[in-house]
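The residues making up each chain are set out below.
There are 2 protein chains.
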Amino acid sequence: MPIYTPPIRDLQFVLHDVLALSTSGLPGHEELDREFTEAILDAAGKLSSEVLAPLNRIGDQQGCRLENGVVRTPDGFKQAFDAVREGGWTALDCDPEYGGQGMPYVMGVATGEMFVSANLAFNMYQGLTHGAYSAIHAHGTEEQKRTYLPKIVSCEWTGTMNLTEPHAGTDLGILRTKAEPQDDGSYSITGQKIFISSGDHDMSDNVIHLVLAKVPGGGEGTKGISLFIVPKFLVNEDGSLGDRNGVTVGALEHKMGIHGNATCVMNYDGAKGFLLGEMHKGMRAMFTMMNEARIGVGLQGYAGAVPAYQNALAYAKDRLQGRSVSGARNGTGVADPLIVHPDIRRSLMDQKSFLEGARALSLWGAHLIDRSRLADDADAEGLISLMTPVIKGFLTDKGFETTVLAQQIFGGHGYVEEWGMSQFVRDARITMIYEGANGVQALDLVGRKLAQDGGKHVMAFFEMIKSFCKQHGDDEAVAADFIAPLKVASKDLQTAAMFFMERGMKNPDDALSGSYDFMHLFGHVTLAFMWARMAVAAQEALSSGTDDADFYRTKLATGRYYMKRQLPMTATHLARIQTGAEPVMELEPEAF
Amino acid sequence: MPIYTPPIRDLQFVLHDVLALSTSGLPGHEELDREFTEAILDAAGKLSSEVLAPLNRIGDQQGCRLENGVVRTPDGFKQAFDAVREGGWTALDCDPEYGGQGMPYVMGVATGEMFVSANLAFNMYQGLTHGAYSAIHAHGTEEQKRTYLPKIVSCEWTGTMNLTEPHAGTDLGILRTKAEPQDDGSYSITGQKIFISSGDHDMSDNVIHLVLAKVPGGGEGTKGISLFIVPKFLVNEDGSLGDRNGVTVGALEHKMGIHGNATCVMNYDGAKGFLLGEMHKGMRAMFTMMNEARIGVGLQGYAGAVPAYQNALAYAKDRLQGRSVSGARNGTGVADPLIVHPDIRRSLMDQKSFLEGARALSLWGAHLIDRSRLADDADAEGLISLMTPVIKGFLTDKGFETTVLAQQIFGGHGYVEEWGMSQFVRDARITMIYEGANGVQALDLVGRKLAQDGGKHVMAFFEMIKSFCKQHGDDEAVAADFIAPLKVASKDLQTAAMFFMERGMKNPDDALSGSYDFMHLFGHVTLAFMWARMAVAAQEALSSGTDDADFYRTKLATGRYYMKRQLPMTATHLARIQTGAEPVMELEPEAF
Numbered sequence: 001m002p003i004y005t006p007p008i009r010d011l012q013f014v015l016h017d018v019l020a021l022s023t024s025g026l027p028g029h030e031e032l033d034r035e036f037t038e039a040i041l042d043a044a045g046k047l048s049s050e051v052l053a054p055l056n057r058i059g060d061q062q063g064c065r066l067e068n069g070v071v072r073t074p075d076g077f078k079q080a081f082d083a084v085r086e087g088g089w090t091a092l093d094c095d096p097e098y099g100g101q102g103m104p105y106v107m108g109v110a111t112g113e114m115f116v117s118a119n120l121a122f123n124m125y126q127g128l129t130h131g132a133y134s135a136i137h138a139h140g141t142e143e144q145k146r147t148y149l150p151k152i153v154s155c156e157w158t159g160t161m162n163l164t165e166p167h168a169g170t171d172l173g174i175l176r177t178k179a180e181p182q183d184d185g186s187y188s189i190t191g192q193k194i195f196i197s198s199g200d201h202d203m204s205d206n207v208i209h210l211v212l213a214k215v216p217g218g219g220e221g222t223k224g225i226s227l228f229i230v231p232k233f234l235v236n237e238d239g240s241l242g243d244r245n246g247v248t249v250g251a252l253e254h255k256m257g258i259h260g261n262a263t264c265v266m267n268y269d270g271a272k273g274f275l276l277g278e279m280h281k282g283m284r285a286m287f288t289m290m291n292e293a294r295i296g297v298g299l300q301g302y303a304g305a306v307p308a309y310q311n312a313l314a315y316a317k318d319r320l321q322g323r324s325v326s327g328a329r330n331g332t333g334v335a336d337p338l339i340v341h342p343d344i345r346r347s348l349m350d351q352k353s354f355l356e357g358a359r360a361l362s363l364w365g366a367h368l369i370d371r372s373r374l375a376d377d378a379d380a381e382g383l384i385s386l387m388t389p390v391i392k393g394f395l396t397d398k399g400f401e402t403t404v405l406a407q408q409i410f411g412g413h414g415y416v417e418e419w420g421m422s423q424f425v426r427d428a429r430i431t432m433i434y435e436g437a438n439g440v441q442a443l444d445l446v447g448r449k450l451a452q453d454g455g456k457h458v459m460a461f462f463e464m465i466k467s468f469c470k471q472h473g474d475d476e477a478v479a480a481d482f483i484a485p486l487k488v489a490s491k492d493l494q495t496a497a498m499f500f501m502e503r504g505m506k507n508p509d510d511a512l513s514g515s516y517d518f519m520h521l522f523g524h525v526t527l528a529f530m531w532a533r534m535a536v537a538a539q540e541a542l543s544s545g546t547d548d549a550d551f552y553r554t555k556l557a558t559g560r561y562y563m564k565r566q567l568p569m570t571a572t573h574l575a576r577i578q579t580g581a582e583p584v585m586e587l588e589p590e591a592f
Numbered sequence: 001m002p003i004y005t006p007p008i009r010d011l012q013f014v015l016h017d018v019l020a021l022s023t024s025g026l027p028g029h030e031e032l033d034r035e036f037t038e039a040i041l042d043a044a045g046k047l048s049s050e051v052l053a054p055l056n057r058i059g060d061q062q063g064c065r066l067e068n069g070v071v072r073t074p075d076g077f078k079q080a081f082d083a084v085r086e087g088g089w090t091a092l093d094c095d096p097e098y099g100g101q102g103m104p105y106v107m108g109v110a111t112g113e114m115f116v117s118a119n120l121a122f123n124m125y126q127g128l129t130h131g132a133y134s135a136i137h138a139h140g141t142e143e144q145k146r147t148y149l150p151k152i153v154s155c156e157w158t159g160t161m162n163l164t165e166p167h168a169g170t171d172l173g174i175l176r177t178k179a180e181p182q183d184d185g186s187y188s189i190t191g192q193k194i195f196i197s198s199g200d201h202d203m204s205d206n207v208i209h210l211v212l213a214k215v216p217g218g219g220e221g222t223k224g225i226s227l228f229i230v231p232k233f234l235v236n237e238d239g240s241l242g243d244r245n246g247v248t249v250g251a252l253e254h255k256m257g258i259h260g261n262a263t264c265v266m267n268y269d270g271a272k273g274f275l276l277g278e279m280h281k282g283m284r285a286m287f288t289m290m291n292e293a294r295i296g297v298g299l300q301g302y303a304g305a306v307p308a309y310q311n312a313l314a315y316a317k318d319r320l321q322g323r324s325v326s327g328a329r330n331g332t333g334v335a336d337p338l339i340v341h342p343d344i345r346r347s348l349m350d351q352k353s354f355l356e357g358a359r360a361l362s363l364w365g366a367h368l369i370d371r372s373r374l375a376d377d378a379d380a381e382g383l384i385s386l387m388t389p390v391i392k393g394f395l396t397d398k399g400f401e402t403t404v405l406a407q408q409i410f411g412g413h414g415y416v417e418e419w420g421m422s423q424f425v426r427d428a429r430i431t432m433i434y435e436g437a438n439g440v441q442a443l444d445l446v447g448r449k450l451a452q453d454g455g456k457h458v459m460a461f462f463e464m465i466k467s468f469c470k471q472h473g474d475d476e477a478v479a480a481d482f483i484a485p486l487k488v489a490s491k492d493l494q495t496a497a498m499f500f501m502e503r504g505m506k507n508p509d510d511a512l513s514g515s516y517d518f519m520h521l522f523g524h525v526t527l528a529f530m531w532a533r534m535a536v537a538a539q540e541a542l543s544s545g546t547d548d549a550d551f552y553r554t555k556l557a558t559g560r561y562y563m564k565r566q567l568p569m570t571a572t573h574l575a576r577i578q579t580g581a582e583p584v585m586e587l588e589p590e591a592f
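Going down the list, the protein sequences come from chains A and B. Counting from 1, one number per residue, gives the positions in the first sequence under UniProt numbering. Counting from 1, one number per residue, gives the positions in the second sequence under UniProt numbering.
FYI, nobody ran anything at the bench for these hints, they're computed from the structure. Hints are supplied without guarantee of correctness; some may be wrong.
Pairs involving identical chains hold if they fit within one copy or between any two copies, as the list cannot separate such chains.
As the list claims (entries may be wrong) - Quick list of in silico lysine to any residue cross-link-like pairs, SDA-like style, CA-CA up to 20 Å:
id	residue 1	residue 2
1	Lys272	Ser240
2	Lys272	Pro181
3	Lys491	Ala571
4	Lys78	Thr23
5	Lys506	Thr495
6	Lys487	Ala571
7	Lys317	Pro589
8	Lys223	Gly331
9	Lys487	Ala575
10	Lys317	Val235
11	Lys491	Ala575
12	Lys466	Met498
13	Lys78	Gly191
14	Lys466	Ser326
15	Lys506	Leu450
16	Lys470	Asp548
17	Lys506	Ala571
18	Lys491	His16
19	Lys281	Phe499
20	Lys317	Leu172
21	Lys317	Glu588
22	Lys46	Val70
23	Lys78	Arg146
24	Lys456	Asp17
With the hints as extra help, turn the sequences into a complete structure.
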């Protein structure tokens, strides 16, 4: 069975050495010092490695079953879900008014990384519920909040997002699900939704569906869309469960991976729904959920690859095969361990340097959200809005690549299911697709976020890098290895942004043909920035004397690898972007 | 069900416009003109699309079953195998003395592409048999050839390669299977082999296993290894089948993909084996089979991605989602087809430009093998030896990437199994692993092939590119778009090779840390060379007047895309290589 070791030390390093959590100006959270967060992370890590990880392969093998209209989850899932709930983990960063523990979001992400690493498919039941919590918390009436939030916070009831229909994926404007106003103020919802994660299951008493539908007479396209709360069981005035609502599971999808999660076709046949937020402003309300979900999927992208890397590393140290080209390292054994071979090391360093950079980016992103929510930091809000598609698209693409690299180290053993490496790859693949396929993230970044508020946020991003480089440019310990390459990469990004501005005005295709490369270019620059910040932090720890010097030296070496061997990709992305639309759009569709 | 359209026109283009097959100096094969090869390709294409492709998903869903020691293949496989056999396809490029049709190998590859595209797992039964044919043909005694080859050529008996053991993959020197000499001149084989493709099945009368084993008293490591023929059923003197031999299927592996192929654990318990080739020279004999298998796996790498691309293209033209940013293209529909979107086009062009370049490389490689075999062309032999790891490693890595790109175009529909896109990805994944994982290919290229015969072959490769560039450098129609970028990329490759020569002598790790990047750099330069040759051929056709001008113009546009948008990767690979070993090897294993 695959191993999983919670990366507590690495999480602590980012939270405190890099983000300086307890002194970073999150009002009411000054208590979040090292000891405090370590206790939380230890407990979440223990639950992850001891309860959730052992169920990961069982979930893959058994999958979910639809029996007489009810979805059955794999053996052990219900007990594990109870354990997560009882530990208070579902309530960690929720509003205390509704039973939450009131922690900042960054702690939800730090613990969430471990839950995802241990069992991605399982954690989705909770993840989507958290999305429903956020949407109702932001847009619900007082009554809706009182009715639904306490049970959602405790995950006694779980949540779903219902967007996609058979003919309408990214293009929600053409969806057909209808909402007819009823005399009692509710709506009658009719239509079919597909690909509904956690759509139904046997681990909670109720499922609260958030459903996009059109009220007759609304505008064309997305303007006519509203968002509705459609509970599986209607809720009585006293909070008890009432009638079964007119929503049923049509089928379970057969998927490449995440078999432990029930991906459902949901049929709404005159189901009773309640408007959430304003009429015809459903997209806005849904985006509260979606933006959070995108950050969450970015987290899945790298977190899902963490155990893949850990297992590849263990295998590379254990498996004896061939001899080091520079002399035997294990003379008494039949062969040397795989890790002596340079190309194995290259693969492990690619994985390690990406994952640690991704962890920093993910936690920094969560911290920006906390800054915007708790400290009304508008700059932080702008920055995270800009970077959401980068976090989602880049971290999931590279996360998937990382699982493939890890699987490759096992050779043929990686291809047979027994070792569990195939599952990491198959599970990771979905993260590039759902919550907006990565091409849509790239479009969001270049077509919308770049120019948002007059380009203010991307300028702020460049300014931040510039000022960081200025601050540390004379620091010999990091100048050559970190600051110099960060400057080069950042310049590539600026050149690309400028190219879009100049050419994209005349011909939008010139910008959009380079959108995917731009997303990756942005991702590399951001990870380089993370590594530079981590290097500064590691250097500070070393300078001020630490009894954990090996940890910090390893951190610096890993960062140098990223700067030297990953960051040069920015030049290729820029070259691709600068070709403009011509090579991409030259052929007419008929010529293909 | 996924579609598959045999790419006859593209195959013909490479065979005749680019390779000038009938006038290329293959003795005895001057009859291979356009009409002749078209008839062959049409027939193979028809079999592929009508018989093999419809079984692809069935094979994936049913897989193989082990029943009372006998492997059962999926429904329809046996009838299809009979059809392949009856069509004479298994004998196409085999020696007429043993029932073969005596076609050149390049025709085996051209038809093989379609068989693989249609059903990768199914085609492996024949593919491995062909490898056994080649090994026995090259190293067998007259009696062995007479006994085995006619039945192998007709695939009445199929073949396998038995190398891997549980503890010995790449490192065959440590294998434990024993061969004890018997009084009758045969050997008693005992040991366990794993990951044996087509190890057993119900589609042939006999299975001829080629098995690596150690005769006691031989040298250490690979020097003590010999190769043995171990038939499932012993063959009587009159050619009829005799006793069941002591070889059994221990288990079937559960794999990520290629479910239609029986991947077996084979147990040898005192099985009767016959030495093939010289004692203790088993590795040499096995490499006859392995080199062919590596070219064959390179073929699988891109051929498996061809239908993935075709289905993605069809979906992109059919699926209506969103509007073109430069104005609606399908005003009367609810939305425009996906193909109007620049990022979808970027993905399709990445796929198309790789696949067509890969097809040319694969056929050129096969043609080099024909030149070396039929025309005793030593330069061709040296060149294909150099390029075998590039063909295997680069085409399978990029082929897998291509299936992932194709799957992505389907969004969520790509992740559910019904559409078949997941299978293309899962099946393609094995090609990066078997017949020498791609890291081993990179090691073979940099550690062995580069310096082979004093570096003569790589110098010949550079000379060939140089002379091609000189020949066409003044041709305005191709100079700027094709020759100029080819020169730049080729220079990157030479710089990398020089770096290895200078640094690798002192510290082999400096070369091996860049081996994987070098393999990809080499692959890009080779594909650019292929595109330049295709561009020249297309331009010639256009200049000399053709009624198929659209085809040739599309070819030129596709090639330009490759040169502009894929080839810039060479700079990044070079930058990674030039870092040397330091960032890769800096951390001690304990520091990970």
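These are the hints, each one checked on the structure:
no.: 1; hint: Lys272 <-> Ser240; result: within (17 Å within a copy, 75 Å between copies)
no.: 2; hint: Lys272 <-> Pro181; result: within (10 Å within a copy, 81 Å between copies)
no.: 3; hint: Lys491 <-> Ala571; result: both (10 Å within a copy, 17 Å between copies)
no.: 4; hint: Lys78 <-> Thr23; result: neither (39 Å within a copy, 71 Å between copies)
no.: 5; hint: Lys506 <-> Thr495; result: within (17 Å within a copy, 40 Å between copies)
no.: 6; hint: Lys487 <-> Ala571; result: both (13 Å within a copy, 19 Å between copies)
no.: 7; hint: Lys317 <-> Pro589; result: between (50 Å within a copy, 8 Å between copies)
no.: 8; hint: Lys223 <-> Gly331; result: between (71 Å within a copy, 19 Å between copies)
no.: 9; hint: Lys487 <-> Ala575; result: both (17 Å within a copy, 17 Å between copies)
no.: 10; hint: Lys317 <-> Val235; result: neither (55 Å within a copy, 46 Å between copies)
no.: 11; hint: Lys491 <-> Ala575; result: both (13 Å within a copy, 18 Å between copies)
no.: 12; hint: Lys466 <-> Met498; result: within (17 Å within a copy, 37 Å between copies)
no.: 13; hint: Lys78 <-> Gly191; result: neither (30 Å within a copy, 45 Å between copies)
no.: 14; hint: Lys466 <-> Ser326; result: neither (42 Å within a copy, 35 Å between copies)
no.: 15; hint: Lys506 <-> Leu450; result: within (16 Å within a copy, 49 Å between copies)
no.: 16; hint: Lys470 <-> Asp548; result: neither (29 Å within a copy, 60 Å between copies)
no.: 17; hint: Lys506 <-> Ala571; result: neither (25 Å within a copy, 30 Å between copies)
no.: 18; hint: Lys491 <-> His16; result: neither (29 Å within a copy, 47 Å between copies)
no.: 19; hint: Lys281 <-> Phe499; result: neither (34 Å within a copy, 61 Å between copies)
no.: 20; hint: Lys317 <-> Leu172; result: between (49 Å within a copy, 19 Å between copies)
no.: 21; hint: Lys317 <-> Glu588; result: between (52 Å within a copy, 11 Å between copies)
no.: 22; hint: Lys46 <-> Val70; result: neither (31 Å within a copy, 45 Å between copies)
no.: 23; hint: Lys78 <-> Arg146; result: neither (26 Å within a copy, 64 Å between copies)
no.: 24; hint: Lys456 <-> Asp17; result: neither (29 Å within a copy, 54 Å between copies)
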